[in-house]
Amino acid sequence: MIKKNDTLLISLRGIFKKYPMGKNDFYEALHGIDLDINEGEFVAITGPSGSGKSTLMHILGALDNPTEGSQFFKGKNISSYSEDELADIRNKEIGFVFQFFNLLPKMTVFKNVERPMLYGGIPPSERNQRVMKALSSVGIADKADNLSNHISGGQIQRVAIARALIMNPSVILADEPTGNLDSKASLEIINILSDLNKQGHTIIIITHEEEIANFAKRKIKIIDGKIVSDVKNKP
Amino acid sequence: MEIKETLKSAIDSLKINKLRSLLTMLGIIIGIAAVIIISSVGKGVVTYVSDELSSFGTNFFQINPGNNMMSAITGGGEPLTTGDVSAIKDANISNIQNVVEFSMTSKAVSANDESIRVSVYGMTPEGETLLKPNMIYGEFLTNDDINSRVAVIGSEVADKLFGENTDPVGESIKIDEMRFSVIGVSKSGGNLFGSFFNTSITLPLETLQHQITGVDELVEIDVEVKNTDYIKETMDEVELVLKDYRKIADDEENDFIMESFTESLNIFETITNVLTLFITGISAISLVVGGIGVMNIMLVSVTERTKEIGLLKSIGAKRKDILSQFLVESSIITTVGGFIGIILGIGITYLVSVLVGIPFIVNMVWVVIATIISISVGIIFGLYPAQKAAKLHAIDALRFE
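Quick note, the sequences are listed as chains C and E, same order.
Residue 90 in the working numbering sits at position 90 of the first sequence, with consecutive numbering throughout.
Residue 97 in the working numbering sits at position 97 of the second sequence, with consecutive numbering throughout.
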C-alpha cells in the first residue's frame with residue numbers, strides 16, 4: 001500500500017453528543033470536538049473512563065451520528081447518514097477491533113473473517129484466498145478451522161485484526177484491543193498494529209494505558225468530552 | 001448478503017442451539033402431522049364407506065311398507081304388493097330404468113341331512129343388475145326361471161349345506177318338502193352392506209309367492225334410476241304415484257317409506273367431511289400454538305444475541321441482512337418441522353389404514369395447505385422478532401450488557 005500522508009481522512013467539526021437521561025435531562029458525552037485525522041496516521045485516543053473517548057470512537061467509526069456538528073469521512077458529510085448508509089461505510093472503509101465480543105460464538109475463525117465480505121458482496125471465488133491471506137498476515141493461518149471459542153485471547157484479537165483488514169479499509173479502529181490481554185499478548189497485538197501502520201494503514205486506537213498509547217505517533221487526550229491535549233510522539 | 005450465505009449462516013446459528021431448535025420444531029411437527037393424519041384418515045373413512053355403498057349399488061332408491069323405520073323392519077301397515085309395482089311401471093316416469101320387487105320369508109332348508117333356517121328372498125332377474133351380487137358358482141336367476149323350482153344360495157349357506165369350497169350347482173335342496181335345484185352361489189360385493197347375499201337363499205319371485213307363501217306381499221320395491229342426479233325428483237314422482245294408487249290424501253301420513261342410498265351416502269359424506277374439517281381445524285390451532293412457540297424462542301434469541309447483532313452491524317450488516325438472517329432462521333425451523341410433520345403424518349396415516357382396514361389415502365390438498373402454512377407460520381411469527389433485531393442500533397447493540 002502506498003503511503004498517502006497529509007490526505008484528510010476523518011474530520012470532525014463542533015461535535016456534540018447528548019444522551020437523554022430521564023424526561024427533560026440529558027448527559028453530554030462530547031462537548032464540541034474538532035479533530036482531523038489524515039491517512040497513514042497512527043493515533044491513540046486516551047482518557048479516563050467516562051471521559052467520552054468511547055463515544056468519540058463511535059463517531060469516528062461511523063457507528064453513531066453526533067447530536068450536533070459535522071462528521072466528514074473522506075470529504076463527505078456523513079452526519080445525517082441513515083443506519084444502512086453508515087453500515088456500508090463501516091463495511092468498506094472501517095475495520096473494527098473491540099475489547100470484548102469480537103467474534104461470532106461457536107463459529108470457525110474462517111467464517112468470522114469471511115463475514116464482512118458477505119455483506120460487501122465479494123464473490124465466493126475471491127473470498128477463500130482473501131481470508132487465508134489476512135490470517136497469514138497476523139500469523140494464525142493454521143487456526144482457520146478452529147472454533148472461535150477454542151482459541152486464546154491473543155489469538156481472538158489477531159482474528160479480529162484479520163477481519164478488520166479483510167475489506168481493505170481506509171482505517172482500523174481498535175477499542176481497547178489489549179484491555180483483556182496479558183502483557184506478552186498485548187505487546188504482540190500492538191506490534192501487529194504498528195507493523196500495519198508502517199505498511200500504510202491508518203490506525204486509531206482507544207486506550208487508557210499510557211504504555212500502549214506511546215506506541216502511536218500521535219496522542220490525543222480527552223477529558224469530560226473535550227480534547228485537552230493533541231501531541232505528536234517523538235519517533 | 002446472498003440467499004445462499006444467509007441460509008448457511010442461519011443453519012449455523014440454529015445448530016449452535018440444537019436442542020432448542022428441535023424443541024421449537026416439535027410444536028410445528030406435531031401440528032402438521034395432526035392435520036395430515038386427521039384429514040387423510042377422514043378421507044379414507046369416507047372413501048371406504050362410499051366404496052362399500054357403491055359396490056351395493058347407489059343408483060336406486062327403496063320403498064318399504066310402514067311409516068317409520070321400525071315398522072318397515074317388523075312389517076305392519078298396509079303391505080306393498082305387485083299392484084304397487086305395476087302402478088309405478090304404468091306411470092312411465094322417464095328417469096326410471098327398472099323396478100325390482102322382493103318378497104321374503106324365513107324357512108328351514110335342508111340338503112345332505114343338514115338343515116338350517118334361513119331368509120328366503122323372492123326376486124326378479126333384474127335384482128342382479130341392481131344389487132350386483134358376486135356369483136362365485138353358476139348363474140343368477142334368469143327370465144327362463146319364472147315359477148320354476150330353482151334357487152341361488154348364499155355362500156355361507158352353501159358352506160353349511162355342502163361343505164366349504166365345493167361347487168353345489170346342480171345339487172338340490174329341500175324347502176317345505178319341495179325340491180329346488182341349485183343354479184348359483186352368491187356372495188355380496190362389499191363388506192358393510194348387502195351381506196344377505198351370503199346368508200340367504202334367492203328364489204324366483206313368482207315361485208316364492210305362488211308355491212311357498214301364497215300371498216303377493218312384498219318386503220321391498222327397489223327403483224333403479226337412469227340418472228342419479230335426479231333421484232330426488234324421481235322419488236317425489238313415485239311418491240305421488242303411490243299416494244294416488246294407495247288412496248292416501250295429501251294431508252295423510254304415508255304408509256310406506258322411501259329411502260335412497262345415494263341420499264344416505266350424501267348425508268354420511270357431508271357429516272364426515274364437516275367433522276373432518278372441524279377436527280382438522282382444531283388440530284390447525286396447535287399449529288398456531290407452535291407458531292407462538294417459534295415467536296417466543298426467536299424473541300429470546302434476539303435478546304440473547306443483541307451483542308452479536310451489534311457486532312454484525314459494526315462489520316457492515318444492513319437492516320435487511322439482520323432481518324433476513326432471523327426470518328430465515330424461523331422459516332427453516334417451521335419448514336423443516338413441517339416437512340418432518342408431513343412425513344410423520346403420512347407414515348401414521350399408513351399405519352392407521354393398515355390397522356383399521358381403510359384405504360390408504362393421503363389428503364394431498366392438506367399436504368399442500370400444511371406446507372404453505374408451515375412456511376407462512378415461520379414468516380409471520382418470525383417477522384416481529386426479526387424486525388426487532390433489525391431495528392437495533394449498532395451502537396445500542398454493542399453497548400448491551
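Keep in mind that the hints were calculated from the coordinates and are not lab data.
Incorrect hints may have been included.
Said to hold, decoys possible - Taking beta-carbon pairs under 7 Å as the criterion, some of the chain E residues facing chain C (in silico):
hint	residue
1	Lys18
2	Leu19
3	Glu233
4	Glu304
5	Lys307
6	Gly316
7	Ala317
8	Leu383
Only a predicted model underlies this, so the values are computations on that prediction, with no experimental measurement involved.
From the three backbone atoms N, C-alpha and C, an ideal C-beta is built for every residue, glycine too.
Hint by hint, here is what the structure shows:
1. Residue-level restraint check for E/Lys18 is violated (minimum Cβ-Cβ distance to chain C is 11 Å; threshold 7 Å).
2. Against a cut-off of 7 Å between C-beta atoms, the interface hint on E/Leu19 is violated, since the closest Cβ of chain C lies about 14 Å away.
3. Below 7 Å, beta-carbon pairs count as interface contacts, and E/Glu233 has none with chain C, the closest being about 70 Å; its hint is therefore violated.
4. Below 7 Å, beta-carbon pairs count as interface contacts, and E/Glu304 has none with chain C, the closest being about 10 Å; its hint is therefore violated.
5. For E/Lys307, the suggested interface contact is upheld, since its CB lies about 5 Å from the closest CB of chain C, less than 7 Å.
6. For E/Gly316, the interface hint holds, the least distance from its beta-carbon to any beta-carbon of chain C being 2 Å, beneath 7 Å.
7. About 5 Å separates the beta-carbon of E/Ala317 from the nearest beta-carbon of chain C, less than 7 Å, and the hint is met.
8. Contact between E/Leu383 and chain C, as hinted, is not supported at the beta carbon level, the nearest pair being about 19 Å apart and thus beyond 7 Å.
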